[in-house]
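J.: Sequence:
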Amino acid sequence: MEEKKTDWKTMLGMTLIFGILMYMFLNNQTDVVPEEEDVVSTEDITGTDPFEIGSDSTAVVPDSLKVASNTPTEEVLEFNNKLVDFKISTKGALITEALLKNYKTYDSLPVYLVRGKDHMLNLKFQTQDGRILNTKNLIFTPSTSENGENKVLTMRYEQGANQYLEFRYELQPEDYMMDFNIRSVGMAQVFDTSETAELQWDLVGYRRSKSMTNENRYTEIKFEYDGGSDDYTGQGETAEEDATDVTYVAYKEHFFSSILLTDTPFSSAVMKSRNIESIDEEQNEFTKEFSTVAQLEYSGGELAYNMDWYFGPTDYDILDGYNRNLDEVVDLGWGIFGVINEYAIRPAFKFLTDDNYLGISYGIGIILLTILVRLVLSPVLYKSYLTQAKMKILRPELNKIAEKYKDNAMKKQQETMRVQSEAGASPLSGCLPALLQMPVFFALFKFFPTAFELRQKSFLWADDLSSYDEVFSLPFTIPFYGDHVSLFPILASISIFFYMQMTTGQSMQATQQPGMPNMKFIMYLSPLFMLVFFNNYASGLSLYYFVSNLITIGLMLVIKYVIIDKDKVLAKIEKAKAKPKKKKGKFASKMQQIMEQAQAAQEEQQKRKK
0 MEEKKTDWKT MLGMTLIFGI LMYMFLNNQT DVVPEEEDVV STEDITGTDP
50 FEIGSDSTAV VPDSLKVASN TPTEEVLEFN NKLVDFKIST KGALITEALL
100 KNYKTYDSLP VYLVRGKDHM LNLKFQTQDG RILNTKNLIF TPSTSENGEN
150 KVLTMRYEQG ANQYLEFRYE LQPEDYMMDF NIRSVGMAQV FDTSETAELQ
200 WDLVGYRRSK SMTNENRYTE IKFEYDGGSD DYTGQGETAE EDATDVTYVA
250 YKEHFFSSIL LTDTPFSSAV MKSRNIESID EEQNEFTKEF STVAQLEYSG
300 GELAYNMDWY FGPTDYDILD GYNRNLDEVV DLGWGIFGVI NEYAIRPAFK
350 FLTDDNYLGI SYGIGIILLT ILVRLVLSPV LYKSYLTQAK MKILRPELNK
400 IAEKYKDNAM KKQQETMRVQ SEAGASPLSG CLPALLQMPV FFALFKFFPT
450 AFELRQKSFL WADDLSSYDE VFSLPFTIPF YGDHVSLFPI LASISIFFYM
500 QMTTGQSMQA TQQPGMPNMK FIMYLSPLFM LVFFNNYASG LSLYYFVSNL
550 ITIGLMLVIK YVIIDKDKVL AKIEKAKAKP KKKKGKFASK MQQIMEQAQA
600 AQEEQQKRKK
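When you number the sequence shown by numbering that gives the first Met the number 0, it's gap-free, plus one each residue, and the end is 609.
Please keep in mind that the hints were generated in silico from the structure rather than gathered at the bench.
Treat each hint with caution, since some may be false.
Heads up, simulated DSSO-like pairs for lysine-lysine below, C-alpha to C-alpha not over 27 Å straight-line [stated by the list, open to error]: (1) Lys456 <-> Lys103; (2) Lys209 <-> Lys456; (3) Lys271 <-> Lys86.
Quantities reported herein were computed from a predicted structural model and do not represent experimental measurements.
Could you put the whole structure together from the sequences, leaning on the hints where they help?
T.: So, in structure tokens, the structure goes:
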């Protein structure tokens with residue numbers, strides 16, 4: 000057989016052909032102009048063309064619309080008052096920095112609501128020649144003035160004689176709200192007014208609290224639309240909402256907010272948020288990414304929008320003071336929960352802690368508020384606690400019934416209900432008062448984590464009542480629990496366990512009905528739930544639950560040992576037994592008939608099985 004040899008000439012030829020083809024491919028690639036990026040680097044701003052190809056790709060830009068070669072370079076101007084330090088760039092007339100002077104983060108760093116390239120506001124116009132103009136690429140000419148005590152900064156892009164686009168900022172000496180106006184003059188010959196202008200506002204939220212997860216839970220977009228209705232985007236990994244006649248958009252970052260308001264509603268807007276914290280768990284700096292795209296309409300061929308920009312704390316009193324429905328940015332809860340917080344809980348807590356009233360410390364204020372809530376609810380809860388105490392007394396009697404009718408579930412239930420009714424300890428009479436307190440329970444669940452007043456206020460070992468009260472850190476992370484141990488949730492869990500043990504613990508199995516949930520399991524589950532899930536919540540909330548449970552336990556002990564006479568309750572039952580049975584009403588007779596029929600059917604079914 001002929002020996003096969005390596006054909007080096009063929010391999011060399013193939014290599015040369017491959018090299019020539021690669022050279023031609025790469026050479027052609029260098030001739031392709033890459034698509035222009037939407038964001039232009041701030042390092043290369045001189046001579047930047049602000050126009051992009053629109054729907055008419057063959058359009059030629061007239062000389063009057065071309066940017067001159069001597070375009071001025073970017074400047075950054077300081078614009079501030081006693082509360083906020085702003086930096087505004089002449090490129091795009093954009094706020095590049097907003098520093099709140101009176102606040103610090105959890106680790107004592109400055110609180111920036113805007114910082115560098117994480118903020119962008121752009122107006123996009125369609126021109127009559129089919130191109131698109133982006134203001135973020137324009138270099139504006141600044142001028143400063145004063146309006147009484149107010150500072151005024153005017154940014155103007157001159158297109159020609161009596162043709163310009165203007166952004167105007169006006170700042171009062173002590174206000175987080177800044178006037179922000181956009182208007183065009185003589186630009187009707189440039190803009191295609193048959194198309195709406197587009198405003199895009201982007202912002203990235205920063206971490207400012209110990210627990211990013213807890214902070215992110217209250218970080219979202221809120222907006223007002225359609226003449227006063229309000230809504231929010233929610234907490235998903237990505238969230239999106241659209242609305243018409245939008246009057247404000249608020250980027251709420253738990254305790255701080257950036258809000259854009261307009262006197263002339265945006266005809267439509269799309270609000271989007273992206274949860275950076277859940278998408279990228281490795282980083283610990285950013286919470287969410289916000290974006291809004293709104294449509295602006297022309298008036299007489301020109302653009303004229305009087306707006307306001309708020310950069311400041313998500314403080315209910317401050318926001319409510321503007322009378323612009325901004326109090327809705329603070330999440331007090333929906334429906335009845337929000338009503339209770341707005342008209343009862345907040346005024347009471349303010350009276351206790353505000354320096355203009357009692358001015359006590361916030362930790363003591365939470366304790367006093369808890370006592371006050373319990374006092375107000377005491378008439379409602381007294382019946383419930385009384386029923387629970389009587390049920391403890393009735394336990395021996397109920398155990399006898401359970402043993403006597405252990406093979407007849409229907410009869411056991413009938414006799415149990417009879418004894419409870421004769422003692423005035425019907426479970427239903429105790430359940431209704433307990434249900435009535437639930438709205439207050441959930442209202443307070445919303446109030447404490449969003450109360451700006453609690454931010455960085457200390458009490459005992461907790462250095463911040465708006466965050467978790469870490470007593471020591473763990474060298475590892477427990478799923479759902481975290482990497483630290485908080486003490487107030489532990490105390491609240493213990494108090495819940497003892498409360499449930501007192502009310503239902505020893506009688507659970509004796510009175511357990513078939514098909515009912517295992518109450519003993521629930522007794523252990525509730526404290527465990529508090530221990531695990533409240534480990535990262537506001538310590539002020541856990542403090543409230545702890546004190547509330549202590550008060551409840553104390554009231555129940557007083558009712559059991561002071562108010563209720565055990566002998567009288569038992570004597571009442573014996574007296575009821577001795578009385579001749581009254582003729583039942585139609586409803587009671589009908590119910591008894593139904594139960595007897597059900598019992599007979601059950602017995603018949605058991606006989607068939609045998």
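J.: Could you run down the list of hints and mark each one as holding or not?
T.: Each hint, compared with the structure:
A C-alpha spacing of about 13 Å is found between Lys456 and Lys103, which places the hinted pair at or below 27 Å, so the restraint holds. Between Lys209 and Lys456, the direct Cα distance comes to roughly 14 Å. Compliance with the 27 Å bound is thereby established for this hinted pair. With a CA separation close to 26 Å, the supplied pair Lys271 and Lys86 stays within the 27 Å bound.
The earlier numbered hints are all upheld by this structure, with none contradicted.
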